[in-house]
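S.K.: One letter stands for each residue in the lines below.
2 protein chains.
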Amino acid sequence: MDTPAALLDVVKMQRNIQRMQQRANDLGVRLRPHVKTHKCAEVVAAQVAAGAHGVTVSTLKEAEYCFDQGVRDILYAVAMAPHKLPQALALRRRGCALTLITDSLAGAQAIVDFGDQHEETFAVMIEIDCDGHRSGVKPHDPLLLEIARRLGDSLTGVLTHAGESYGLDATDALQAIAEQERARCVEAAQRIRSAGLRCDQVSVGSTPTALSAANLDGVTELRAGVYAFFDLVMHNIGVCRIDELALSVLTTVIGHQAEKGWIITDAGWMAMSRDRGTQAQKRDFGYGQVCDEQGGVIEGLLLSSANQEHGVAQFDTGQVDVTAQFPLGTRLRILPNHACATGTQFGTYYALLENGDTQPWERLRGW
Amino acid sequence: MDTPAALLDVVKMQRNIQRMQQRANDLGVRLRPHVKTHKCAEVVAAQVAAGAHGVTVSTLKEAEYCFDQGVRDILYAVAMAPHKLPQALALRRRGCALTLITDSLAGAQAIVDFGDQHEETFAVMIEIDCDGHRSGVKPHDPLLLEIARRLGDSLTGVLTHAGESYGLDATDALQAIAEQERARCVEAAQRIRSAGLRCDQVSVGSTPTALSAANLDGVTELRAGVYAFFDLVMHNIGVCRIDELALSVLTTVIGHQAEKGWIITDAGWMAMSRDRGTQAQKRDFGYGQVCDEQGGVIEGLLLSSANQEHGVAQFDTGQVDVTAQFPLGTRLRILPNHACATGTQFGTYYALLENGDTQPWERLRGW
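Listed in order, the protein sequences are those of chains A and B.
Here the first sequence is numbered in this note's numbering, starting from 471 and rising by one per residue.
Here the second sequence is numbered in this note's numbering, starting from 471 and rising by one per residue.
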């Protein structure tokens with residue numbers, strides 16, 4: 471196998487998928503995995519086989535891809551841009567139960583107007599802002615009911631995502647934000663229902679909150695993405711062990727700077743991505759945690775810097791004779807900060823199966 | 471055109487290409503552009519038409535791609551990993567004048583041994599460390615002559631890259647590092663020649679040093695990559711004006727958080743990359759400088775944060791009524807921190823031609 475290459479440990483992936491599905495089952499909600507992390511048909515199939523109820527996507531291209539794989543129930547969880555409506559309509563006309571989201575009157579109006587012009591009732595959820603992280607309407611904002619009324623028969627529910635959970639690493643804080651995510655989304659649904667409108671679906675989730683919630687009363691579905699692979703950011707947050715990370719980058723040692731204790735690898739940022747998500751966390755892993763070829767963590771050896779096709783690995787615990795210990799041609803694996811960002815640098819995952827075989831699994835790219 | 475999309479202003483690109491070619495001509499050296507920035511046949515063709523003498527690549531896949539486009543003289547400027555030698559041999563057997571590099575005895579030995587086994591004399595340059603940035607042998611290191619002797623007839627020259635120039639932003643400091651890059655590489659060549667060995671080629675370069683060097687006495691060729699597009703990092707270094715940036719990302723406004731002055735765009739890090747190269751520079755542009763749809767800079771409006779498919783743009787100069795000024799569906803362009811990293815997020819550039827037409831230019835990806 472040439473390097474750099476994206477390796478996917480399928481045994482770990484399957485355990486991660488089972489773990490999240492069991493969480494959703496225990497909490498009494500459906501699981502709608504976010505495919506943006508992996509963008510891979512085989513992973514979608516594993517999630518559906520484990521019990522997933524539809525998928526979440528971050529682009530309409532992902533929606534088309536999943537529909538072509540046989541997934542009918544698809545939620546496009548990015549606020550709908552009016553110019554993308556023809557693409558959404560085409561998917562619905564093919565039989566896809568596609569749900570859109572919006573958080574503005576202008577967005578709702580554009581969807582309804584386009585639907586009227588084409589005799590289509592789109593399914594739309596209103597995005598709720600539960601933590602000030604990004605998009606969404608606050609549950610108590612009068613705008614919520616205006617959007618709900620504007621959507622009329624298109625309204626199917628409310629959805630939120632506690633993106634701020636990524637900044638936490640303590641169990642009690644994670645439980646608190648999970649409860650905030652649940653409570654504010656349920657509050658929004660109840661306000662809509664109190665106004666005499668239907669609001670059947672209440673969708674919440676992020677990997678950290680999904681794995682921290684004490685209960686999901688009032689919620690109908692859970693969304694999460696990165697849990698299928700996990701990564702160093704999730705490890706720092708505290709929701710997975712480092713030996714649960716399913717994705718790694720296989721690399722080759724191409725040189726050294728012996729005086730400095732540097733190992734030069736052929737995995738630079740083109741392979742790892744520029745994601746430095748652990749920089750502000752309790753442990754900064756640089757561009758990744760270095761492991762041996764079999765995936766065993768080499769304690770203290772981090773990819774400390776990265777150029778396009780060069781990575782520099784060094785021990786944070788002090789210098790060793792890296793030329794002797796990791797001679798030219800040595801193979802290593804690097805665990806990434808952020809599985810979504812690292813995965814997208816590759817067109818193919820090499821899936822390491824339980825029986826020892828390796829299979830190429832293609833990955834969707836672009837928009 | 472759907473968004474996000476990578477737009478390439480061909481008029482600006484051509485000017486940038488002409489400028490660097492003129493620099494090389496004035497300095498009396500050949501120009502060997504680095505295709506790692508753009509990985510695009512049409513850009514290679516423009517560089518060759520302007521006078522480039524061969525290309526530099528960062529992967530053997532780029533080498534194969536350029537050879538298929540008719541470029542025969544190719545330098546693979548990453549230290550050769552022994553397991554990639556069969557791929558390099560195959561290229562040479564097809565008629566490619568491929569040059570490899572190494573900075574170790576083990577690397578030199580692997581190349582020579584493999585060559586002996588296959589009756590092939592590879593062309594190899596020794597990588598010189600001129601600034602402690604990454605790889606390479608120091609010019610005064612006794613190892614230099616050992617590697618040179620080990621390479622024997624394969625040795626064609628020395629090469630260096632002053633990567634530390636990316637950390638500078640003052641003219642005198644840039645001129646000093648350009649001179650250091652030149653002097654140390656020439657010193658290495660002279661040491662090899664003084665030992666009675668041939669060392670014909672002396673190759674130096676980076677975009678900042680290429681545009682700052684007072685002279686390149688003793689140098690035979692100049693390498694540079696990002697100059698074809700330029701980017702905000704180069705602007706901060708001081709080697710280009712902001713209106714010379716050829717690459718931008720077209721995006722659509724998909725929402726707002728009016729209270730905070732946030733404009734939500736459909737260009738997140740999946741489009742811009744996670745590169746935050748301006749973070750440590752004199753001006754931090756966040757994830758990019760926002761422009762209007764025609765490419766005019768909107769002063770003070772930066773993409774301040776990015777999730778996978780969401781970007782948050784806001785004015786650094788204070789809040790304005792963003793919902794009124796940038797309504798849902800507004801198109802904007804974003805200038806990237808790092809053209810190499812942003813380009814690679816896309817499979818296609820949309821080339822904006824001088825006559826007003828737009829052409830899709832495919833881009834190479836992967837390894």
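By construction, these hints were calculated from the structure, which means they are not laboratory data.
Computed from a predicted model, the values in this text were never measured in an experiment.
The beta carbon of each residue, even a glycine, is placed where N, CA and C say it ideally should be.
Do not rely on the hints blindly, as some may be mistaken.
[Claimed, not checked] In silico DSS-like links for lysine-lysine, alpha-carbon gap of 30 Å or less:
1) B:LYS752 with B:LYS730
2) B:LYS554 with B:LYS531
3) B:LYS752 with A:LYS531
4) A:LYS730 with B:LYS608
5) B:LYS730 with A:LYS608
6) A:LYS554 with B:LYS608
7) B:LYS554 with A:LYS730
8) B:LYS554 with B:LYS608
9) A:LYS608 with A:LYS554
10) A:LYS752 with B:LYS752
11) A:LYS554 with A:LYS531
12) B:LYS608 with A:LYS752
13) A:LYS752 with A:LYS730
14) A:LYS730 with B:LYS730
[Said to hold, decoys possible] With the Cβ distance kept under 7 Å, some of the chain A side facing chain B (calculated, not the full set):
15) VAL548
16) SER774
17) GLN778
18) THR787
19) GLN789
20) ASP791
21) GLN795
S.K.: Could you tell me which of the numbered hints above are not met by this structure, giving the numbers in increasing order?
M.R.: Going through the list in order, the structure violates hints 3, 6, 12, 14, 16, 18, 19, 20, 21 and respects the others.
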